[in-house]
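Protein chains in written order, with this note's numbering: chain A, 1 to 341; chain B, 1001 to 1341; chain C, 2001 to 2341; chain D, 3001 to 3341; chain E, 4001 to 4341; chain F, 5001 to 5341.
Note that these hints are calculated values from the structure, not bench results. A virtual CB, placed ideally from N, CA and C, is assigned to each residue, including glycine. A couple of the hints might just be wrong.
Unchecked claim - Covered stretches of chain C (chain B as the covering partner; in silico rule of three or more C-beta atoms under 8 Å from a C-beta of chain B): (1) 2027-2036; (2) 2066-2072; (3) 2147-2159.
To be verified - No more than 25 Å apart at the CA atoms, straight line, and that leaves these computed lysine-lysine pairs for BS3-like: (4) 2166/C to 2253/C; (5) 4237/E to 87/A; (6) 185/A to 3340/D.
Stated by the list, open to error - So these bits of chain F aren't anywhere near chain A, every CB distance computed over 12 Å: (7) 5056; (8) 5135; (9) 5186; (10) 5221; (11) 5224; (12) 5338.
6 protein chains.
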Amino acid sequence: MKTKKSHKGKVVTFGEVLMRLSPTENRKLQQASNLDFFFGGTEMNVAASLAYLGVEVQHVTNVSKDFVGESAIAALRKFGIDVSAVKKVDHPLGIYFLEVGSAMRSSQISYNRLHSSFANITAESVDWENILEDADYFHWAGISPAVSEGAYQTLKRGLEIAREKKITVTTDPAYRSNLWNYGRKSNDVLSELIDLSSVFIGGVNEINEILESDYAFDEEGFVVASKALITAHPSIKKIFDKVRTSVSSSWQKVYGRAWTGEKYLQSEELEVRDVVDRIGTGDAYAAGILYGLQFFDDQHVLNFANAACALKHTHVGDANLVSVEEVEEVVNGNVSGRIKR
Amino acid sequence: MKTKKSHKGKVVTFGEVLMRLSPTENRKLQQASNLDFFFGGTEMNVAASLAYLGVEVQHVTNVSKDFVGESAIAALRKFGIDVSAVKKVDHPLGIYFLEVGSAMRSSQISYNRLHSSFANITAESVDWENILEDADYFHWAGISPAVSEGAYQTLKRGLEIAREKKITVTTDPAYRSNLWNYGRKSNDVLSELIDLSSVFIGGVNEINEILESDYAFDEEGFVVASKALITAHPSIKKIFDKVRTSVSSSWQKVYGRAWTGEKYLQSEELEVRDVVDRIGTGDAYAAGILYGLQFFDDQHVLNFANAACALKHTHVGDANLVSVEEVEEVVNGNVSGRIKR
Amino acid sequence: MKTKKSHKGKVVTFGEVLMRLSPTENRKLQQASNLDFFFGGTEMNVAASLAYLGVEVQHVTNVSKDFVGESAIAALRKFGIDVSAVKKVDHPLGIYFLEVGSAMRSSQISYNRLHSSFANITAESVDWENILEDADYFHWAGISPAVSEGAYQTLKRGLEIAREKKITVTTDPAYRSNLWNYGRKSNDVLSELIDLSSVFIGGVNEINEILESDYAFDEEGFVVASKALITAHPSIKKIFDKVRTSVSSSWQKVYGRAWTGEKYLQSEELEVRDVVDRIGTGDAYAAGILYGLQFFDDQHVLNFANAACALKHTHVGDANLVSVEEVEEVVNGNVSGRIKR
Amino acid sequence: MKTKKSHKGKVVTFGEVLMRLSPTENRKLQQASNLDFFFGGTEMNVAASLAYLGVEVQHVTNVSKDFVGESAIAALRKFGIDVSAVKKVDHPLGIYFLEVGSAMRSSQISYNRLHSSFANITAESVDWENILEDADYFHWAGISPAVSEGAYQTLKRGLEIAREKKITVTTDPAYRSNLWNYGRKSNDVLSELIDLSSVFIGGVNEINEILESDYAFDEEGFVVASKALITAHPSIKKIFDKVRTSVSSSWQKVYGRAWTGEKYLQSEELEVRDVVDRIGTGDAYAAGILYGLQFFDDQHVLNFANAACALKHTHVGDANLVSVEEVEEVVNGNVSGRIKR
Amino acid sequence: MKTKKSHKGKVVTFGEVLMRLSPTENRKLQQASNLDFFFGGTEMNVAASLAYLGVEVQHVTNVSKDFVGESAIAALRKFGIDVSAVKKVDHPLGIYFLEVGSAMRSSQISYNRLHSSFANITAESVDWENILEDADYFHWAGISPAVSEGAYQTLKRGLEIAREKKITVTTDPAYRSNLWNYGRKSNDVLSELIDLSSVFIGGVNEINEILESDYAFDEEGFVVASKALITAHPSIKKIFDKVRTSVSSSWQKVYGRAWTGEKYLQSEELEVRDVVDRIGTGDAYAAGILYGLQFFDDQHVLNFANAACALKHTHVGDANLVSVEEVEEVVNGNVSGRIKR
Amino acid sequence: MKTKKSHKGKVVTFGEVLMRLSPTENRKLQQASNLDFFFGGTEMNVAASLAYLGVEVQHVTNVSKDFVGESAIAALRKFGIDVSAVKKVDHPLGIYFLEVGSAMRSSQISYNRLHSSFANITAESVDWENILEDADYFHWAGISPAVSEGAYQTLKRGLEIAREKKITVTTDPAYRSNLWNYGRKSNDVLSELIDLSSVFIGGVNEINEILESDYAFDEEGFVVASKALITAHPSIKKIFDKVRTSVSSSWQKVYGRAWTGEKYLQSEELEVRDVVDRIGTGDAYAAGILYGLQFFDDQHVLNFANAACALKHTHVGDANLVSVEEVEEVVNGNVSGRIKR
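For reference, chain A alone in the conformation it holds in the complex (with noise of 0.2 Å):
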């Protein structure tokens, strides 16, 4: 591992926090008669990730005004996030079902998500100015602005003031082409809100999208891609994306690669034969990175980044539960699972 500085900056996320229900022992709901239940949403699973790996972490978000939101926010505290910008409001919690898949089989998952009480939060209600003060870096998902104009609004205010303080904001702009249904257009939001981000965590996928492009999936396209995304929006310095190959349900691939503005690198791949979780996978990477780039060379960053989201996939839940040790570990290439007294 190579350091380059011991401080570790406070960490700010925006983003839903769902509830995750799910039966377990791969049933399908009508199977069930009761339900695991999760709390997520793709921020704040980085959130809980930056905590475990010891990071200062504050989220922001609204919650409902009942038991249920209270026991999102006992959830948060006990992730270890801090909880001080959570509000409460009268609208329900974002709900996601999940049934769990198993070798061919996809595991399915139904949103009851539009008209939550993150949907219905405005900008006002959020102190930006406040929240952001000690903050050295800010994290947004795609996710939350193809929400509601109220997530996107919020949002927006965040990273304006955000750039102010020239906080480093990084990005996952994960596409979901079914929300989007309250009547701005992708490309126009994700654009605008990438010209305030600089660290660009996704790839070709998402870039295509973007910036309505064909680029290929392979090295050269992507170090292609990732170059015209730098041109479109220069804001953006780095570019870390991740490559799955999904052999089945339960077993899983995932390599890292990166243009760093001058170079192409890429991180070893990873297998995982016995998927306990899938969910969360990508937000465990992005931890990894925000974690990474406070600490280490882009190489170690993705390499750290790639064995966090490999070894999420071997916890159940929406967050990824490991600290700096384990994941260095794996770096290390100790894959072997040997068991520790």
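Starting from the known structure of chain A, fit chains B, C, D, E and F onto it as the hints suggest.
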């Protein structure tokens, strides 16, 4: 038991199907990691109960076009309810969370239903003519028209066609002050719909709400209120009320009383000291009335409905899974709970 | 406590081991997706209880030659019962399903035992001479000879050898009208077997069944009936009865009474308002009698058995897992349930 | 997909409904304290699968007249199976226990079915004329006539009436050597019943059993055996076989092959490395054949049935809860298990 | 409610965090195959309760340097307790096992704490100066100095600094005879520490233990004993006692009484007939006192603490998860447990 | 299988019984709310495995004098282990927590055993003369003398008496660097105890530890190390090693190898791609050796032990619940896991 006739007529019910999610062992949601779930909803509970009593029953509603909605339909099929008029639409299924209290601690419910598949129902989407073709009874509750304009219009259309077809209409005008957010006044709507109904399953509270009156809750108050209701809404012929004493979350007493248009009747009080589940007990009572009206004289209707209501307290979930024989045993005073081998 | 002697004699019990399957949370079977299971059976319950009271006890039965039978044997071993006389045969283990009631709702039991491994037992397959070699007590219940000709013959042979060996024979002649399907009349069989027994653990109901009499259930009736039983079956020396008041499924009261051949005795009544499990409470009483007969005067035998019976209501499963100390505490009036640290 | 017609014909199935009881987490029964349960049975599994594929299907059987039988009926209703021809009788429902293996450890099954409600079925109790009135297909398996004389006679009577009504009869002649205890020779019975059938869902093993032959298991052997079967039983028009490679309890491969009467066909092999549940996979295949015969050419029938069979390995329980769309996706080569949102 | 002031002062608590492990369904440990777990400990329970009442609270303790200790810390964070003064050391976390009784059957507890991470705490390892810097209250219980010399010395040092800082010290001198094994006499130690405290949350039992006196338990005895305590330990200003009637394990009654230094006060008695969890009810009372002292007159302090105590009986786990509003409702006599929607 | 003799000799084992507590579903402890538990411990696991193989086996240990210790004894009884030499003492039972990994994530174990009931055992408390009276084998592992002086002295005394009685002593000298805290050097103690043993179940690692040597791990290194061990400790006659390849937490390969004093032997390698439980696999191997030594030639001993070890990976819990028949099937190459009906 004094039987009046032997034919069991088909009943049609209309209302939302909600997924109920609750922790076990009296846990607060934030203490739980999994949740039991059941499908319920006041009118669906009546339908399920009637199906277990051996009555042919069809439920009219919207569910979500996803695996959650499919599970709701499967649950209704399991109860033995005709689901051929259930539609799947692109809105999520309504949900409620329940924390179960004990002793002086209240149970708490939090709803997520205002933008549900049912709230988005439209009068045009329901083929009432066909559905009510061979029906003998139509049952509705005051919650449905409180949810949305669509639900109100759909119900009104159904009641108008029921009147044309001379179908007996029963109503449980359950008033919920925290609904009625879509712009109409509850009195106006309920008054209109009660004019299309003939059996009123409610008491002084509900009458006071509808008539904007202030009758007392004692026997005399009930009789006077009932007469006033009939005067104001002459389509109503009979009124069946349920009087509950809530000693604590775990200890309840109930008895039934009625104004038959001619005289006051009252059942014995039944006591449940070890409540298993408080939800749906009013629906069990309504189902008892609906069943009884087909077979019994009014006194026995009351006794039967009250026994059904008491028995519901001993079953987990929203629906009352009891047979006619089990109810009659309690009517006959056998409340000792001896093991049956 | 008044101790008579200090040696604890070996007890032999004979009867079916059944697997009990029941949903939790008072669910009906059709609401459940999994079932708790226990191994029980009236005589085995007596054996298990005696083992926990520190008595050497051996159980004689047949189980299935498969992993179900192996599990039954493992369960008996866990109780501390000597299983060296348990045979494995090519017939399935007997099973019963239990739906647990509450308040006025009865528990329901459904059996699957008529073609079980125990029903197929034969007198030749049991080496009674060897088993009873060092026994001091032999306990049987009226259910066993009600199951099949083989069970009847096997039991009769055991009782005959017990008589030869001058072993004290106790019986709980529990009458079950829905058994006795194999061709013999219950009176004939029970009368014959009672003539081989000396302690009768039953009351007016059972005596009326055997003598085809009609004695009353009050104290006087009990005394007269007891005397009549002894007249008809002079091998019987003492009669221990248990009087239960079933207020509801969840609320039970019990007291013991006895005819010692010379006088009437009665214990105090104990009340269990929060029944955990009703099954096996009679067997806990019988085990208390069997234990008490070895150590106590008749009044203390009654008190001890009644306290054991009451305590069984607080344990889930068929067997009473209490120590002598725990029973004696209740005998001594400590029923406040203070935490023991 | 090459569709032949658009009408989905009604299918009638006949066979035992068993309750399956199994510990979770690969536990042995003696390590467990509770058991998951499902209702299954080879022909009922076919019925359930067809119902999920959108086919109208009615199941003919006996269940117990108790809450266990009621639960079985409720489960069938939940699957969407027509239960109007299910009778309740005074014999217990059949049961089987399952210990689930892993890797080189085999799963083990122990049955309790020889005196079940189904084993006690009688030909007179089934109104085949009425049941088969509007049926297009009748499906049976070799297990039913192996259980009891009554089951055999009932099935034979049904097949004779099916022939009269020119209903297509499909059979899965699954041979089970540990049944056939009631006095008839399996060859005699199966030969007789196959002469009343036209589609044979089985392979060299089953043909060898019926013809008392010794054909090889390779492609050539299968073709020769198929021809010999058709020669001996000219009512059989097509033969659909399933070839399984059991690498371990947790890793299975399957492909389908057929003799259409004119040519040999074969599907691609599908591999399931993470088996969730091995039970009922053959029934899923049979259901795929039955569905496919109504809509597809023979090659697509094979592909569809094989994909359905593979998908069954990913669902817990005996029944295959997949839609036509899910099966077709696998037929089209999408086996990567990507999350569907 | 009569409020005295509006500022909620920070509370510091000191004591062991134990993992509680208990079977569900009133099972004995040997009947169970899994255990529910909670983190508790008398002072931590007070802290958790205060956090739910909205008070800033910090807990001082040692946990194990392993994933068990990390889980304990996460649990405290979830409660909302400040964990910045929790140290991780190379000794295991304390544990206790609990078998939950019912009716006349006592709950039983078995501890494993004598060599725990907390027992190994040292006065030097705690930075009391810093921790108590901004504290308004310091709460300790008699269990901590009973565990080990280190715990005693650490507590004493904290109390001395609290005195210097003029922090209000409250104590629950809970006496446990089966601790105090490390060489000191309980009277000596408790007397010394009480001299550093000003609010005594205990009654005649505790006073008799400390003063080696023999006062009666009635009202007069309590007043006399209280006066004697104040005479002997003049730092004590007020005494708050809790009087419990244990009808059975499942049925408890409690009321509070106090000697304010000037007069005797008493709350109404509250009755819990359906106890969910008996553990931590005294800690809930203490937390109620600590909360009340900041806001209420003494009578309301008593009422509030007693209502909090009663409500704890309805929550599973060691901590009392109630809000101020819920407690006040019970204070105001609303004990009917009506559902809140 | 080549049988040498038919008598199964009694085996005595000595060592700690620990309660294992672990979350299910690969959860981290802090994600769980309940824990599965099992009783295990390396020597007890050998005993349990031998009992399931049909060998008479007695275990010598201390447990706690509370309901935890009683549960441990009941668990041993259930396994079929003779518990007559188990003592109850006033120290808590040893415990370990297990977080189960997957893929590259390691399982983690945290112990609480240094002040346990077993660590407090004394040589005087064990009646070795009587226990070993009719024993043929005595098995010990290197963990026991690493725990405490008392455990070391107790074991040494047992081994000395075993030598006097000419009992075959087998040892698994499992070295655990994080034990040995009580003051003795591991080499000294293990060397002394190995001189009292004749079968060494360990490999190059263990030999290097004992001889402070540095032999290579390949075949040649194993043979040279074995010879050196025998030279240094001539009481050792045979050495049985187990070679494991840990591909990941979920994928393990094992084979056995031996130095018989005369020649090198090796079994085939067995592969478990779907590990259910990794704990106790070495103990299953040791039990296979102990069983095999009584019946087989050395090559079959190796094959049998390795197959037993592989099968353990498919059972949850610490003990290997397999029969001789199941092991022999795997020895014979049947690893396809076909369902057994």
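In ascending order, which of the hints set out earlier in this document are inconsistent with the structure?
2, 3, 4, 5
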